[in-house]
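As given, the protein sequences belong to chains A, B, C and D, one line each in that order. So the first sequence is residues 12 to 214, counted in the working numbering. So the second sequence is residues 12 to 214, counted in the working numbering. So the third sequence is residues 10 to 240, counted in the working numbering. So the fourth sequence is residues 10 to 240, counted in the working numbering.
Everything labelled a hint here was simulated from the structure, so no lab data went into it. Every residue, glycine too, gets a C-beta built ideally from N, C-alpha and C. Some hints here could point you the wrong way.
[Claimed, not checked] Listed next, the in silico EDC-like pairs over lysine to aspartate or glutamate satisfying Cα-Cα at most 16 Å (straight line): (1) D:Lys-167 / C:Glu-210; (2) C:Lys-238 / B:Asp-185; (3) A:Lys-82 / D:Glu-233; (4) C:Lys-177 / D:Glu-96; (5) C:Lys-177 / B:Glu-72; (6) A:Lys-133 / D:Glu-96; (7) B:Lys-132 / C:Glu-95; (8) C:Lys-238 / B:Glu-83; (9) D:Lys-177 / A:Glu-72; (10) A:Lys-148 / D:Asp-147; (11) A:Lys-89 / C:Glu-95; (12) B:Lys-133 / C:Glu-95.
[Unchecked claim] Here are the in silico distance ranges between beta carbons for each label pair: (13) B:Lys-49 / A:Ser-30: 51 to 59 Å; (14) C:Glu-106 / A:Asn-15: 52 to 60 Å; (15) C:Asp-147 / B:Leu-51: 25 to 33 Å; (16) D:Lys-82 / B:Asn-158: 49 to 57 Å; (17) D:Tyr-234 / B:Ser-28: 27 to 35 Å; (18) D:Lys-82 / C:Ser-19: 52 to 60 Å; (19) D:Glu-154 / C:Glu-106: 55 to 63 Å; (20) A:Asp-209 / D:Glu-96: 38 to 46 Å; (21) A:Ser-30 / B:Leu-51: 50 to 58 Å; (22) C:Val-143 / B:Leu-168: 36 to 44 Å; (23) B:His-180 / D:Ser-26: 28 to 36 Å.
Listed below are the residues making up each chain.
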Amino acid sequence: MSWNKNQMADEVISLFSNSCSVNLGIGLPTIIAERIPKTLDIIIHSENGVLGVEGRPAKDEVSPTLINAGKETISIAKGASFFDSALSFGMIRGGHLDFCVLGGMEVDTKGNLANWMIPGKKVTGMGGAMDLVNGAKEVIIMMTHFNKAGESKLKKLCELPLTGLSVVHKVVTDKGLFTPNGKTFDVIKLAPGVVEQDLKLPL
Amino acid sequence: MSWNKNQMADEVISLFSNSCSVNLGIGLPTIIAERIPKTLDIIIHSENGVLGVEGRPAKDEVSPTLINAGKETISIAKGASFFDSALSFGMIRGGHLDFCVLGGMEVDTKGNLANWMIPGKKVTGMGGAMDLVNGAKEVIIMMTHFNKAGESKLKKLCELPLTGLSVVHKVVTDKGLFTPNGKTFDVIKLAPGVVEQDLKLPL
Amino acid sequence: MTKIFKDAQSAIFDIKSGQTLMSGGFGLCGIAENCIDALAQRKDLTELAIISNNIGNSGRGLVKLLKNHQISKAYCSYVGGNPDLEEQMLRGEVEVELIPQGTFSERIRAAGLGIRAFYTPTGVGTLIAEGKEVKTFDRPCILEEALHADFAIIKAQKSDTFGNLWFKETARNFSPLMAMAAKVTIVEVEELVELGEIPAEDVHLPGIFVQRIFQGQNYKNEIEYLVTKDQ
Amino acid sequence: MTKIFKDAQSAIFDIKSGQTLMSGGFGLCGIAENCIDALAQRKDLTELAIISNNIGNSGRGLVKLLKNHQISKAYCSYVGGNPDLEEQMLRGEVEVELIPQGTFSERIRAAGLGIRAFYTPTGVGTLIAEGKEVKTFDRPCILEEALHADFAIIKAQKSDTFGNLWFKETARNFSPLMAMAAKVTIVEVEELVELGEIPAEDVHLPGIFVQRIFQGQNYKNEIEYLVTKDQ
Chain A
12 MSWNKNQMAD EVISLFSNSC SVNLGIGLPT IIAERIPKTL DIIIHSENGV
62 LGVEGRPAKD EVSPTLINAG KETISIAKGA SFFDSALSFG MIRGGHLDFC
112 VLGGMEVDTK GNLANWMIPG KKVTGMGGAM DLVNGAKEVI IMMTHFNKAG
162 ESKLKKLCEL PLTGLSVVHK VVTDKGLFTP NGKTFDVIKL APGVVEQDLK
212 LPL
Chain B
12 MSWNKNQMAD EVISLFSNSC SVNLGIGLPT IIAERIPKTL DIIIHSENGV
62 LGVEGRPAKD EVSPTLINAG KETISIAKGA SFFDSALSFG MIRGGHLDFC
112 VLGGMEVDTK GNLANWMIPG KKVTGMGGAM DLVNGAKEVI IMMTHFNKAG
162 ESKLKKLCEL PLTGLSVVHK VVTDKGLFTP NGKTFDVIKL APGVVEQDLK
212 LPL
Chain C
10 MTKIFKDAQS AIFDIKSGQT LMSGGFGLCG IAENCIDALA QRKDLTELAI
60 ISNNIGNSGR GLVKLLKNHQ ISKAYCSYVG GNPDLEEQML RGEVEVELIP
110 QGTFSERIRA AGLGIRAFYT PTGVGTLIAE GKEVKTFDRP CILEEALHAD
160 FAIIKAQKSD TFGNLWFKET ARNFSPLMAM AAKVTIVEVE ELVELGEIPA
210 EDVHLPGIFV QRIFQGQNYK NEIEYLVTKD Q
Chain D
10 MTKIFKDAQS AIFDIKSGQT LMSGGFGLCG IAENCIDALA QRKDLTELAI
60 ISNNIGNSGR GLVKLLKNHQ ISKAYCSYVG GNPDLEEQML RGEVEVELIP
110 QGTFSERIRA AGLGIRAFYT PTGVGTLIAE GKEVKTFDRP CILEEALHAD
160 FAIIKAQKSD TFGNLWFKET ARNFSPLMAM AAKVTIVEVE ELVELGEIPA
210 EDVHLPGIFV QRIFQGQNYK NEIEYLVTKD Q
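Extracted from the complex, chain A is given alone in its bound form:
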């Protein structure tokens, strides 16, 4: 048994505090925005220059100049603001965002993250990820536990080029919630039916 994407999103949301500010990375984390309960009063930042993302626009309210960092059309909440990229990343770098949630290729026991390139195979670029992991107060990685080859993405040490050094606080996978502790990962929570021994966590 594993968590599906929505259940993973809900696990991430359960880590948020009331009235906190959050940046959601592209890929898996984008679905979080749609599942946050209004009662939590969470402020969503998108690094392309908007604070106060609400959700999706109605068909007749779509604006080509109103998008998120994933280049998808969005709507904004009352009290939103727009700004240039220097201020947007200043907010991030200056430690004003409570959480960022990013996808990952590898996370290791030292809290290192790799998520921007596979040498010789694939380069997407780091976008804002290197700034986010060094700036947000708490960095949560949301990813599948195993890669397509069946290898654990929670590693002793990352093998891919790093996005950030000792930056990850928590990892939510389809198998559970983990925190790197320097030697291995503490298991905070497991998805129903998941057995820790099957996860091949580093020793």
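Place chains B, C and D on chain A using the hints.
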């Protein structure tokens, strides 16, 4: 014979190009704003955060939040803009202003300027002067030629603490227009009746 | 979680002696009048370090704290027109660090936006450069570090309930930068408005930088030098 | 002295092969469509170095120049979603310098505002830090230098005749920063307005940073990923 303040201001204005941008320091240079012919289309910057200073407000148009760097009430031209101090000084530091005109205590043959303190006697602070002299494309100093003790303020080497190193392009005094050339000052123009030998320029 | 406080006294409740405060405004333009008055009433608050371009002017603004001997350290760019500060500086009662105004602004912004230090040509070859690292790019520059504070007290023309701010005319100056740089930013406003009343494009400072807001009162908005064209 | 040009072709007249161009926009949002099309028509312009967050996307925007083989060097933060760039990069036709997006923004701002270099924690311990100076403040940081350009091509929703700009929604992104950083900034606008029509407080970029302006036409304003709540 000497130039009076208005004549000095007009000499400074004659150095401006059409459509240029200018920052006017506090003290003597402030009177320049009022004497610039409209035909010159000059844009006046004040470092407290406004581009497009026009002149003085009518009595019934005075706003306490609309002032220049000398803390005097002003009016603005159409097409003016307001901004914070980081952007205001970024404009200066980034070389976007064509001219700045500042008062001076001493200018020397190397183009050094001193205008912010007399050790043990008087400290006003540098305000924006150190940024201006290092940022504006052309730095013009406007000051009386002699101090109260009758000593020339155009010196071989400044004795007072510097505001900037090799930053002054031109000096307009009540006696004439001068440019530092490394060894002495080139005399570009003299006020009517002024004899160069009386100016005690450094040798 | 509301950011709205009743008044200045309640918004500054946890400021402590010895802390560092940023105070917005250029001269008297845009200063946080209510917060300054509230601090001046709290005479138990002493040994404050103040980061402010002028530390008041002509006997007004932050000069109230100077007169109460509440300030022991001042970071500013200009003391001309502030005889109280000049006097306390010369008597050694207040330690003054003079900072070029552009460097002052940028050091505050840097603190707010996570830049640890930057190279600038301003101050090269002057007393300001003493003891600082020098590196030559197109020309020699000195390394200036971010300037942080425990609290910022600033005034805005408008704030909504989230703390999105809008400033009138030249009242903006250092205030949005200080709001970014302080651990706790206290904003007093002429007009407290509803969410959405400030168009999202025209917000001068996003509310994420603001922790406390209150409706100000009895503003004097003093003019230092009244100059009109009719004179 | 007027800054108004007739159209894109006349505004880009003196751009030369081998020069460095900044191009505003995030993905396709806020890109200078007219200028890009004009550059793509000038096939004699080659060996361009482009500074742009995405260098186009999904076959559109600056990808037109890529397809013409007019670009030899690209500075950007993200190439995902741009298969043309990825292909030319892997074939060695375009040299790509990947820069973290926040560092990218700040390096451009630094160039515009006279900051020669700054220390940031972003990139420490990664490939990005290789060969860069490291200095420890509250934590280790690397030194990043200002990023300059010969020209910037940007789009604004509104400009007055002096070049005061106003951007709509998230179309602002890198554009005002690039306008500050380039020697010559060319702005195309949806609406060219009279002086004074943009309130002085609401100007997003003061016109002093703008050298050329023209009324744009035939805007596509393409959406990359249309997502609506009705889906």
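Next item on the list: Would you pick out the hints that fail for this structure and give their numbers low to high?
Entry: 2, 4, 11, 17, 19, 22
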